[in-house]
Amino acid sequence: MKKQTTAERLAESESLLRAVDEMDVPEPSAEMHRKFQAMLDEAKTARFLEERSPVRRLRPYLRPHFGLVPRLATALGLLVVGWFLGYQVTPRPERARIDRLASEVREMKTTVMLAKLQNPVAAERMKAVGFTADLPGPDDAVLDALIQTMDKDPNVNVRLVSVEALARYAENPKVREALVQAIVGQESPLVQLALAEVMLALNEKRAVEPFRKVIADPRLDYAVKSKLESAVRLLL
Amino acid sequence: MCVLPLSKKQPMSSDNELMSRVKDGDLDKLTVLYERYNRVLFGFFFKTTLDAQASEDLVHTVFFKIIKYRERYKAEEGPFAAWMFQIAHNANIDYYHSHKHARNEARVEEVEIRGGDDPDEDLLKKEKTRRVREALACLTETQREVLILSRYQGMTYEEIAKILNCRVGTIKARVFRALERLRCVYRGLEGT
Numbered sequence: 001m002k003k004q005t006t007a008e009r010l011a012e013s014e015s016l017l018r019a020v021d022e023m024d025v026p027e028p029s030a031e032m033h034r035k036f037q038a039m040l041d042e043a044k045t046a047r048f049l050e051e052r053s054p055v056r057r058l059r060p061y062l063r064p065h066f067g068l069v070p071r072l073a074t075a076l077g078l079l080v081v082g083w084f085l086g087y088q089v090t091p092r093p094e095r096a097r098i099d100r101l102a103s104e105v106r107e108m109k110t111t112v113m114l115a116k117l118q119n120p121v122a123a124e125r126m127k128a129v130g131f132t133a134d135l136p137g138p139d140d141a142v143l144d145a146l147i148q149t150m151d152k153d154p155n156v157n158v159r160l161v162s163v164e165a166l167a168r169y170a171e172n173p174k175v176r177e178a179l180v181q182a183i184v185g186q187e188s189p190l191v192q193l194a195l196a197e198v199m200l201a202l203n204e205k206r207a208v209e210p211f212r213k214v215i216a217d218p219r220l221d222y223a224v225k226s227k228l229e230s231a232v233r234l235l236l
Numbered sequence: 237m238c239v240l241p242l243s244k245k246q247p248m249s250s251d252n253e254l255m256s257r258v259k260d261g262d263l264d265k266l267t268v269l270y271e272r273y274n275r276v277l278f279g280f281f282f283k284t285t286l287d288a289q290a291s292e293d294l295v296h297t298v299f300f301k302i303i304k305y306r307e308r309y310k311a312e313e314g315p316f317a318a319w320m321f322q323i324a325h326n327a328n329i330d331y332y333h334s335h336k337h338a339r340n341e342a343r344v345e346e347v348e349i350r351g352g353d354d355p356d357e358d359l360l361k362k363e364k365t366r367r368v369r370e371a372l373a374c375l376t377e378t379q380r381e382v383l384i385l386s387r388y389q390g391m392t393y394e395e396i397a398k399i400l401n402c403r404v405g406t407i408k409a410r411v412f413r414a415l416e417r418l419r420c421v422y423r424g425l426e427g428t
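Chains A and B supply the protein sequences, listed in that same order. Using the working numbering, you'd call the opening residue of the first sequence number 1 and step up by one each time. Using the working numbering, you'd call the opening residue of the second sequence number 237 and step up by one each time.
Extracted from the complex, chain A is given alone in its bound form (with noise of 0.2 angstroms):
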């Protein structure tokens, strides 16, 4: 082969760079418009329940001026005291008053909870979900409701809220058990990375089998996938 000179091996990087400029490039399908349309349409759900959520309403009036853990030992401080002087001022008769109208409101909650997961309205089945959030240690018909919710409602942000407002109740063995029975059924991206991001919180060995399978999906979303193998590898 004849030796180039500097001169020719210029001029042939620059065609090839030129080649490489006006290689073709396929149009992207209307699937991926879709995918991202779907994804923003869940961001904005998120973004909606968060700005709902007390806790971000009551951020700005907990801005630190200090540590975290100074902040929480005078907010607990302050709630214990104030527990305390309240109970000791109220009288007698008054407090099994008290005590008989929570229990009521309670169960007054319960039953409008239930209730209204059953509503075909998927903005009315979320607001019920939310209403567990306000019910001190729920009992079983309750996280029985919430399971099935988070097992079977057609919606997705439903499905969404109910792995989160499960996850609060992790603690109990028969919510963690569904919890990771869940990750196998859910076909959404969204509610496999929010459980994914649960089941990190859990440090739930159980769950990488169930995120194997779901790994092994060749339909699986590129995100997801990336996410839930994160999540098996640090959970091992």
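Label-pair restraints from in silico Cβ distances:
id : chain 1 : residue 1 : chain 2 : residue 2 : range
1  : B       : E363      : A       : R206      : 54 to 64 angstroms
2  : B       : K304      : A       : A123      : 22 to 32 angstroms
3  : B       : D260      : A       : Q88       : 43 to 53 angstroms
4  : A       : V89       : B       : N326      : 56 to 66 angstroms
Because the hints were derived from the structure by calculation, they are not lab data. Ideal Cβ placement from N, Cα and C applies to all residues, glycine included.
Take the given structure of chain A and dock chain B to it, following the hints.
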């Protein structure tokens, strides 16, 4: 050539403004940025992976991360496109890590080449494109990425160095080596 508005000479306030709105919670503004950049990103990924399906997944990943990490965006640190390409670069790294066994053996997908009036010229162009794609597939993913960023996206070496988080000298050396390898492989393919 598709030139991105990356350098400071070109107006970037519009993209930055839109992303700042997204950061503040107006997620609908991301649709405008998606319209502007989805094809640019797809082209970038397609030329680095040579796989259309993977490129679509990677574009999706980039926008997913833009939403997820929107709070970290700082308009004062540079143009939106540079931030977006940093995310794209990280997505590329993740992609190659999860497809390690397929490294340097990028699958060359057939793409329909638009025909012109002269069939002989079309044939020559088709043949050259095929060889260029095969030669690109023989480069490492790092070489393909740096070569495409340097040329196709019209970026400066300084901008690429910022995106890839390394020194300008390193970028120059990488581009030179990538180009030399592309040339050698292409010549080899011409001889076959």
